[in-house]
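Novice: The residues making up each chain are set out below.
Protein chains: 2
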Amino acid sequence: MASISQIAYPPPFSDHRLSELQSEIQDWQLTHGSLIKVFIGDDDGTILARPIGVSMFPTLFPKSNFEQALQIQESYNELYAAIAEDEVWLSNVLSDLIESDPFARALWKIHQRTKREGACLQPLTLGIFRSDYMLHCPPDSRELHADDTTSPSVEHSSSSSPLEIKQVEINTFSCAGGTHGNIATNMHHHLNRIPVYQTPASSQHPSYPTHPVTLSSLPSTNTIASLVSSLAAAHTAYGPPEISVRSTAILMIVQPNNINICDERPIEYGLWSRDPPVPCYRAKFPLDILTHTEISPSGALLYYPPNGVGKFEISVAYMRAGYDAEEHDIRGIEARVMIEGSHAIKCPSVLAQLATFKKVQQALSMPGAVERFLPPLKAERVRATFAPMYALDESELGLRGRELAKNPDMAVHHVLKPSLEGGGHNIYRADIPRFLEEMPEEEWRNYVLMEMIRPPKLSNVLLTAGGTYKGGVVSELGVFGTCLWKKGKEGRAQMVDNKMAGWSFKTKAEDVDEMSVVKGYGCFDTPCLVDC
Amino acid sequence: MASISQIAYPPPFSDHRLSELQSEIQDWQLTHGSLIKVFIGDDDGTILARPIGVSMFPTLFPKSNFEQALQIQESYNELYAAIAEDEVWLSNVLSDLIESDPFARALWKIHQRTKREGACLQPLTLGIFRSDYMLHCPPDSRELHADDTTSPSVEHSSSSSPLEIKQVEINTFSCAGGTHGNIATNMHHHLNRIPVYQTPASSQHPSYPTHPVTLSSLPSTNTIASLVSSLAAAHTAYGPPEISVRSTAILMIVQPNNINICDERPIEYGLWSRDPPVPCYRAKFPLDILTHTEISPSGALLYYPPNGVGKFEISVAYMRAGYDAEEHDIRGIEARVMIEGSHAIKCPSVLAQLATFKKVQQALSMPGAVERFLPPLKAERVRATFAPMYALDESELGLRGRELAKNPDMAVHHVLKPSLEGGGHNIYRADIPRFLEEMPEEEWRNYVLMEMIRPPKLSNVLLTAGGTYKGGVVSELGVFGTCLWKKGKEGRAQMVDNKMAGWSFKTKAEDVDEMSVVKGYGCFDTPCLVDC
Chain A
1 MASISQIAYP
11 PPFSDHRLSE
21 LQSEIQDWQL
31 THGSLIKVFI
41 GDDDGTILAR
51 PIGVSMFPTL
61 FPKSNFEQAL
71 QIQESYNELY
81 AAIAEDEVWL
91 SNVLSDLIES
101 DPFARALWKI
111 HQRTKREGAC
121 LQPLTLGIFR
131 SDYMLHCPPD
141 SRELHADDTT
151 SPSVEHSSSS
161 SPLEIKQVEI
171 NTFSCAGGTH
181 GNIATNMHHH
191 LNRIPVYQTP
201 ASSQHPSYPT
211 HPVTLSSLPS
221 TNTIASLVSS
231 LAAAHTAYGP
241 PEISVRSTAI
251 LMIVQPNNIN
261 ICDERPIEYG
271 LWSRDPPVPC
281 YRAKFPLDIL
291 THTEISPSGA
301 LLYYPPNGVG
311 KFEISVAYMR
321 AGYDAEEHDI
331 RGIEARVMIE
341 GSHAIKCPSV
351 LAQLATFKKV
361 QQALSMPGAV
371 ERFLPPLKAE
381 RVRATFAPMY
391 ALDESELGLR
401 GRELAKNPDM
411 AVHHVLKPSL
421 EGGGHNIYRA
431 DIPRFLEEMP
441 EEEWRNYVLM
451 EMIRPPKLSN
461 VLLTAGGTYK
471 GGVVSELGVF
481 GTCLWKKGKE
491 GRAQMVDNKM
501 AGWSFKTKAE
511 DVDEMSVVKG
521 YGCFDTPCLV
531 DC
Chain B
1 MASISQIAYP
11 PPFSDHRLSE
21 LQSEIQDWQL
31 THGSLIKVFI
41 GDDDGTILAR
51 PIGVSMFPTL
61 FPKSNFEQAL
71 QIQESYNELY
81 AAIAEDEVWL
91 SNVLSDLIES
101 DPFARALWKI
111 HQRTKREGAC
121 LQPLTLGIFR
131 SDYMLHCPPD
141 SRELHADDTT
151 SPSVEHSSSS
161 SPLEIKQVEI
171 NTFSCAGGTH
181 GNIATNMHHH
191 LNRIPVYQTP
201 ASSQHPSYPT
211 HPVTLSSLPS
221 TNTIASLVSS
231 LAAAHTAYGP
241 PEISVRSTAI
251 LMIVQPNNIN
261 ICDERPIEYG
271 LWSRDPPVPC
281 YRAKFPLDIL
291 THTEISPSGA
301 LLYYPPNGVG
311 KFEISVAYMR
321 AGYDAEEHDI
331 RGIEARVMIE
341 GSHAIKCPSV
351 LAQLATFKKV
361 QQALSMPGAV
371 ERFLPPLKAE
381 RVRATFAPMY
391 ALDESELGLR
401 GRELAKNPDM
411 AVHHVLKPSL
421 EGGGHNIYRA
431 DIPRFLEEMP
441 EEEWRNYVLM
451 EMIRPPKLSN
461 VLLTAGGTYK
471 GGVVSELGVF
481 GTCLWKKGKE
491 GRAQMVDNKM
501 AGWSFKTKAE
511 DVDEMSVVKG
521 YGCFDTPCLV
531 DC
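Taken in order, these protein sequences are the chains called A and B.
481 is the number that UniProt numbering gives to position 481 of the first sequence; each next residue is one higher, with no gaps.
212 is the number that UniProt numbering gives to position 212 of the second sequence; each next residue is one higher, with no gaps.
Note that these hints are calculated values from the structure, not bench results.
Since the structure is predicted, the reported quantities are computational estimates derived from the model, not experimental observations.
Any given hint could turn out to be false.
What the hints assert, rightly or not - Derived coverage of chain A by chain B (criterion: at least 3 residues anywhere in the stretch with Cβ under 8 angstroms from a Cβ of chain B; other residues may be distant):
| # | stretch |
| --- | --- |
| 1 | 47 to 60 |
| 2 | 364 to 371 |
To be verified - Restricting the straight-line Cα-Cα distance to at most 25 angstroms, the calculated cross-link-like pairs of lysine-lysine (BS3-like) are:
| # | chain 1 | residue 1 | chain 2 | residue 2 |
| --- | --- | --- | --- | --- |
| 3 | A | K37 | B | K519 |
| 4 | B | K37 | A | K37 |
| 5 | B | K486 | B | K115 |
| 6 | B | K470 | A | K519 |
| 7 | A | K378 | A | K109 |
| 8 | B | K470 | B | K457 |
Every residue, glycine too, gets a C-beta built ideally from N, C-alpha and C.
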């Protein structure tokens, strides 16, 4: 069986055909909200938008790995719902971080202040999670002893072992990209149908056929509809309002001046478009929460829309803000306390947010940790997606991690990640030893060392804000999961609803370390599934 | 019954509420392709877009007038299909213009060169028409003798006679705005549902209630789907390709570098999305026609997509280009000849394009003209929507028109329109006498004098490219019609399919004369239907 890197792909398009394809792509993006704001108004409120980054061709991805990632999502949902209800385990895992990191501390305190009210009032929690994977070529023994001759920023394997998927991270809070990913995949389906990817047989190299994009090789996703369904189901599960003349509504809590509204709005529109409509209001965090909501005597979260008409009882508080430390000043904390302590179903709770910290991912890699939450078979399948990682603490594994991080020869196979959300602060490869040297040793424990994932060598053409990129690429498959759970007996999570909810697929140039699409590095993409 | 101008509307929103509404509108536009390109690439092909002009509130419109305009559309389809097949009548009406106007002459010659081949090969023609109306307050006798105290640019009537609709013009060629109008109306429905238009009872003036926008007052349109259906039906009516291994496809013939692709692309996507898909390719006029099409020995129009895969037999040539005189240089004429002389169903034919000249509209206002083409009852209903108009020729009516145009007191109630397409060259009111004085009298016959339509005084808030406008507005209702007809016995049009196909509604500031949305004057809107 040929290695995926040996497939000739994408097809060799002339500049003329690429520019034709680009025009098809841009027009599709303009007409389908695959955009990002580039300018937020002057006094007049004028706005402009540009297409968000997308790949010009779907990127190759092994079918079996794709299916594995989708199948495992319900177990990940179950795992993280269980973690979010296990305050004892979480506080243990996060204790160091709560001490040293102001954001973790702030969230923990919000949980402490509200846990009695919130949990008594509302046993249900909604999770919208996204688990991100990369393809990984497991090194064979030859390679482990060979000199490192690969590119300085990405390791590629020439091994012919089957590819694996490795989890990069899991997001349990304010997951973005579901809408953009869905739209980009619809776009690649359209491009394939029109069919702009077809190449005449005469222009193909006879002995080295190009892999054709076929209808069967492009999977579909219904991420937007799935997220809308999960929110609507939670809205229904909330039940009737405490006073029958009042109506219930979902509150989508958003950041002010977000340039990425195209990822949020379609979810809101999807709720309003249901029959009957599920009312969904937007509130900016934290100001609108402080000025347009109140808690009723019995604990309901009430929202007053700015038009002064009516008062709504919030069924689900859908958090699309509150993921940055900077958002949690005094007002931010007060707003979170109001939401968290209310009767509304939180999407998700503060504890579920804390479960997204890298420190938890690292703790789960310890023997027995996953097995605390999942039955053996599920635990084994989840564990198979973990990349080796080490907390840089003083445990036995931690000391082994410190050895690897300080050794320049070993550090080049690793990435150092802070136990914080948001990305953008990772330290890569050869930079790790010096970074640690310049930091007081007591702060090392706030970092996790992960073995670098070694993606296969693949190529594509990307249409980014900075122009067209042709060359080696690295992709990330993000699988969405939605789950509604109930605090059960002995504080265990009892799943009410648990679904794989679609996926987003992002691709970046191989020499860029960050995947952020909003910042202009990553591009939304679609896997072109191949058997290999 | 209260006059429409006496209804308090739109509701008195504070600046804060207007800015909230603006943000709802802009985000909706960004996510639904209600946009216009503002910048067409540098070398990198980067593009930017901005929201197209829309009204912030639906504009009031009498329900009975709205229904009348929709009901009459099938008769207008029938009328213009009949005209497009009556070469004798058309050549008679247009003879002066063909002599004096290079564009009319070019089109006429194309028809002459191709009529034998084209008509023999393909008896079917597809029409996508749009008939534009304004509300008109018929003057009562008092007013006819009163001093003109209205605004210098728009006359408003204080008459309490029922409002009428008057046809501004009918477009039979390359009709735009169907997609934008559809999207804007979907937007107003969404805004009404969320419900951002609601105002608390306490803020309403007790003795002067604001007209509420209600679900029942906002009509829906399915213009995009209707246009797609008509094209798909014509594609089917074309029948199988002349050689069974070939496939048929629709060719959408477009202008290069069009900034208004959001109005075109959804029709193309709608065709591809049908089950089975109706292939629709885009060809830029005229270059792609000359380089990517050929005529088969038996007269089929064959198209070669730029990817070099396949060769398609064109079922329908859908013209979204070729409406400007400037497009008809030598290459443009050759491209039109190829299309017109082929077996493809033309949407529409050159004769149907000639039927859109203002001169035809004026000729129809002559006694007996409509009655030549329609049975008495239909003719009467169509005629009821005509505004008085005069060709400035030497006929009896023409001489009466010249009198009105030269008299400054009478000219102020009129508009002078060239018998050309494209708009933008109209001469209004007091400017007319001097304009005619400066022109050789033999050129007067290229103009038509129309009595100004006197719209009712209505208000709205418009969100244009130039900022927010609050104040008096004038609206235009464009009713779309689709029809497929066959050249019948004795050259009469025999209707195969005839439908009212939705509408677009546009509104502009009352002191602006042009309605063009692309140029930034007009705004897409939705009628808020009222009984009055």
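Novice: Give a verdict on every hint.
Specialist: For each hint, the structure was consulted:
For a cut-off of 8 angstroms, the count of residues in the stretch 47 to 60 of chain A with a CB near a CB of chain B stands at 5, and the three-residue condition holds. Residues of the stretch 364 to 371 of chain A lying with their CB closer than 8 angstroms to a CB of chain B number 0, which falls below the three-residue condition for coverage. About 22 angstroms separates the Cα atoms of K37(A) and K519(B), which keeps this hinted pair within 25 angstroms; it holds. Between K37(B) and K37(A), the direct Cα distance comes to roughly 14 angstroms. Compliance with the 25 angstroms bound is thereby established for this hinted pair.
Our distance criterion of 25 angstroms between C-alpha atoms is met by K486(B) and K115(B), whose separation comes to about 15 angstroms. This hinted pair does not check out: K470(B) and K519(A) have alpha carbons roughly 37 angstroms apart, beyond 25 angstroms. Pair hint K378(A) plus K109(A) does not hold up; C-alpha atoms about 33 angstroms apart against a cutoff of 25 angstroms. Proximity of K470(B) to K457(B) is assessed by CA-CA distance (about 13 angstroms); at most 25 angstroms being required, the pair is judged to hold.
Consistency note: the structure conflicts with the earlier hints numbered 2, 6, 7.
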